[in-house]
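Using the sequences plus the hints, can you model the full thing?
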Amino acid sequence: MSAPSFWRRHEFSLLLAILCVVIATAVLDAQHNYVTDPANSGWQLLRQWSMLSLFALGAAVVIITGGIDLSTGSVIALSGTVCATIMLLLAPEALTTPNAPMPMWVAGTAIGGTIFVGFLIGSLHAWLITVVKLPPFVATLATLVGLRSLARALCESVTLAVNGGVGTQINVANQQFRYLANSVWIPAVLVVVLSVVLWLMLSRSVLGRHLYALGGNEQAARLSGIQTDNLKWVAYCISAILSSLSGILYVCDQTVAEPQTLGRGYELNAIAAAVVGGCSLQGGVGTVPGTLLGALFLRVVIDGVAKIIDTGADVFEGLIVGVVVVFAVTFSHNSATVSQRRGLFAGSLGGVTILNLTILAGVLTALLGIKFTQDRLNMDAVWLSALAMLSTITLLLIARQNWSPTTRRRAGIAWAVSTIVLVIGLDRAYPAVQTNAAIAAVQRLGGRVIQNDNGIVVDLTDSTVDDESFRRVTGKLDHLQPLGELRLTNTAVTDRTLRTLPKFKTLKAIDLHGTKVTPGGVVGLKRAFPEAAVTE
Amino acid sequence: MTEAARIRFSGVTKKFFAVTALDDVSFDVRLGELLALCGENGAGKSTLMKILSGVISDYDGTIELDGQPVRFTGTRDAERQGVSIIHQELNLVNDLTAAANIFLGRELTKLGIWLDDAAMRTQAAELFAQLDCAIRPDDLIRTLRIGDQQLVEIAKALALQARILIMDEPTSALTESEVARLYRIIAKLRERGVTIIYISHKMDEVFRLADRITVLRDGKVIQTLDRATTSPKDITRLMVGREINTAGFRTPQPAGEEVLRVEKLSLTWPGHARGWRLQNVSLSVRRGEVLGIAGLMGAGRTELLECLYGSSTDEPQGTINLRGMPVKFADPQAALQAGVAMVTEDRKRYGVIATMNVREHITLSSLDQSSIAGLIQFGREADAGHESIQQLRIKTAGGEAAINSLSGGNQQKCLIARALRTNPALLLLDDPTRGIDVGAKAEIYRLIDELCQQGLAIIITSSELPELLTVCDRIVVLCEGRMTGEFHRDAFSEAALMEAATGN
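The listed protein sequences derive, respectively, from chains W and L. For this note's numbering, add 998 to where a residue sits in the first sequence, where the first one is 1. For this note's numbering, add 14 to where a residue sits in the second sequence, where the first one is 1.
Hints may be right or wrong, so weigh each one.
[As the list claims (entries may be wrong)] Some but not every residue of chain W turned toward chain L, in silico, with C-beta under 7 Å:
| id | residue |
| --- | --- |
| 1 | Ser1203 |
| 2 | Val1204 |
| 3 | Arg1207 |
| 4 | Gly1214 |
| 5 | Asn1215 |
| 6 | Ser1222 |
| 7 | Gly1223 |
| 8 | Gln1225 |
| 9 | Gly1282 |
| 10 | Val1283 |
[To be verified] A few chain W residues that face chain L, going by a derived Cβ cut-off under 10 Å, partial list only:
| id | residue |
| --- | --- |
| 11 | Met1199 |
| 12 | Ser1201 |
| 13 | Tyr1210 |
| 14 | Gly1213 |
| 15 | Ala1219 |
Worth flagging that the hints you see were computed from the coordinates, not collected in a lab. Backbone N, C-alpha and C define an ideal beta-carbon position, used for all residues, glycine too.
See below:
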């Protein structure tokens, strides 16, 4: 743990990364929430960050001792359920009516009891690991699976006993209790206080030094006169109790204890935050500030993507966490090994990886890219994604070549320049290409495209067009701007075609002479285009 | 030079960032000879052999095999051209059988899919027969003794049709009888025309085996000498660049009061044919005395020290009296509190914590002395670290230097400092000079003497008899867990000790 200067520390690079993400979000977000409404965005972020940090710190302590705690999510679920159960048993009426007073002693018992449950779970882990000698992975995997099940069973029997019917959740509607989580400052202050305590413990106390020694080399620590088994007990209890505290806060926040979904998958977010924050899964390395920043970084990235793409952000949360973990760990822990190893994309595995990343780039651009760029590009998602795949595969193929660093750098620059030129060029060319495609499509049907005072005229008079073939060209007609006149004289189109027309809002004249449209259809069309001249 | 050069190194240079590991190394290895490569730790022997065996492929200069320039891209490539290496730390998969290890990575198959176990077993059995050893192809590696495991490596090299065999300190973990067997096998290999490069610290075996001796120092070839025209003293001098006087490290002094008395100490060994690791061991140590524990591998040296330090896997029987009081240590912490400290044999596995720096290593066992109410006082801790660095003359860039930036000898001193900072009355040193170079060894001997004069009682074990003869006042010999002899300084003789250690 020789301490490098602050500027070269992991924490500093994380801080920089966080700043970059925040600035990028502020700029790219269409509503510019970070600029227009900093207080609200800040509070939101602070709340989510404190909730994540709370149990991420527990995961970090265990990881520093060289162990792993996979049970976090289930401990949160069980703790939340236990907390709600105690309140339901002691003061059922206070729980269901929002404005009823919650007796202090009930809330106190619920919180105290839940923390005690955390202590018991931590002790169980310690016993399984130090006495039964299970690997930490197995011991906490067992409780990950088991405790959620226990929470559901508990919830069902308690609701049956008190409410007279089996329920899969316990509602916590009491306003007084919910104040705990609704006010931002309670979780935040809790995290700050606990962080300071943990930071003092890890970096300043004998106990902390011993925890690092345990993680660095367990045998050596034991032979140096350190009680390694007791230390593990402490570490797993810290982790479980912090999870219990977050369980209570989540129940307050969500107004319901639902053991089936509460905290599901959070153990991995916790481990991810710790690892991004610089903890090594080999043990012996990690800090409290690093973990806090790791959690903040995760939250900022998730929040940023949510703000920029505007919808369905929670769908992408897992993807973001995954990508962030891979990049953060690659660039911080083993940047040396990556650069030394020759060729990230060599061999057959490298070939498949190129395919993998190309497809991923294409899919992600199609899903996200169009939302990022919004109205700034003319291109549609298909073009953009094809372009992304092309440029990705070119870059990776360049990386695969066994060239000298200079050639490699030149190829990289050439790639960057040509990609930018290609994107701008194609984006400029896109409208013209699409217009030509639309004209060609009209001509294939036997029609023509001309221009008059109304704008562009699509003249399909006497052509072979029918409902089906017209439907196929409507997408292309979008690109003929402004579409002023549509002539369908003496063709086989019916009312079905008329229903697709209202999206061409610029139409000034529609000629339906000699078609199979009904008077009813024409009335509807006239209603959609009150200004336009519709000829029957 | 009349004889053909099998291997020719010309201008081989290897730099690790700023550190030059090999500097313009040029010499020949002749066809069919045994060339011993000598040098202190860090002299560049291992780096050179890693280059020859293809582990390192990025270096300057050229290597010629039979006059053809070669540049191996990996160990596989080297093996294909007949160069095999047997590393000091053996490269075997513990949970596979001997036969499976021999053919690991190039298994014999039927139809290219199914393992042909029968063929591999037969071929492995043939190889073991050639080596005159009783290993069965189906034995799991973890059930074999170190010496036998090494033979599996040699068999692997034979299976690869190795024409050049590199052996890196092959005898460091062997018993006398295993060493004798290894010598016979080396003779056999030489009859088959295998050229051998033999790395060793031990002068007696170098002079017994080698045709020529090449001395490396600080990454440079100092000299290549014929065995017949040189002496161990010359080689040692060339290795360290100065004379090393191995005698006179011990200042005799009157022994003080008794610190430790062990009576009838026994330690069971469940599931083993012998049934015990230690049986009825009785000994005592006084203030200012160095007691040596001699014995071959598996004699119970380490186990004895573990019993005294409370770190043995099973609870020992018998009585341990520390300063007249019977004690029973549940764990090392209890031992340290009672005034017994230990430095372990396997520095890498049981001593060093790679993520910590020098200061943290030194103060780890005695943090209570530099803390108030459980909070470490950094100033006091730094002073403690600094004091130990001065006292033990630890060569380091400072207390904040990473432990892995230190040489093996200086890492060992840090661990000794850690033990000493607990103010012990009795210090247990388990093979403290294992894997450290000649100069550092002398420093450790001097340190042991100083500590004794300050009134510490020391128990030391070693796999090298001459070392015990140099530093001890008294030596107890163990053989298969039993005490088979006790010698005072005036009765020391290598022959007598060896006789006791082999149970004659």
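Verification of the hints:
A cut of 7 Å between beta carbons decides the hint on Ser1203 of chain W: the least distance to chain L is about 5 Å, and the hint holds. Residue-level restraint check for Val1204 of chain W holds (minimum Cβ-Cβ distance to chain L is 4 Å; threshold 7 Å). For Arg1207 of chain W, the suggested interface contact is upheld, since its CB lies about 6 Å from the closest CB of chain L, less than 7 Å. Using the Cβ-Cβ criterion of 7 Å, the hint placing Gly1214 of chain W at the interface with chain L is satisfied: the shortest such distance is roughly 4 Å.
Nearest Cβ of chain L to the Cβ of Asn1215 of chain W: about 4 Å, under the 7 Å cut. The hint holds. Interface hint at Ser1222 of chain W: satisfied, since its Cβ lies 5 Å from the closest Cβ of chain L, which is below the 7 Å cut-off. A least Cβ separation of about 4 Å between Gly1223 of chain W and chain L falls short of the 7 Å threshold, and the interface hint therefore holds. Here the hint on Gln1225 of chain W is kept, as its CB sits about 6 Å from the closest CB of chain L, short of 7 Å.
The criterion of a C-beta within 7 Å of any C-beta in chain L is met by Gly1282 of chain W, whose closest approach is roughly 4 Å, and the hint holds. Contact between Val1283 of chain W and chain L, as hinted, is supported at the beta carbon level, the nearest pair being about 5 Å apart and thus within 7 Å. Look at Met1199 of chain W: its Cβ gets to within about 9 Å of chain L, closer than 10 Å, so that hint holds up. Interface hint at Ser1201 of chain W: satisfied, since its Cβ lies 9 Å from the closest Cβ of chain L, which is below the 10 Å cut-off.
Because the beta carbon of Tyr1210 of chain W sits about 7 Å from the nearest beta carbon in chain L, less than 10 Å, this interface hint is met. This hint holds: Gly1213 of chain W has a C-beta 7 Å from the nearest C-beta of chain L, less than the 10 Å allowed. For Ala1219 of chain W, the shortest C-beta to C-beta distance to chain L is roughly 7 Å, which falls under 10 Å, so the interface hint holds.
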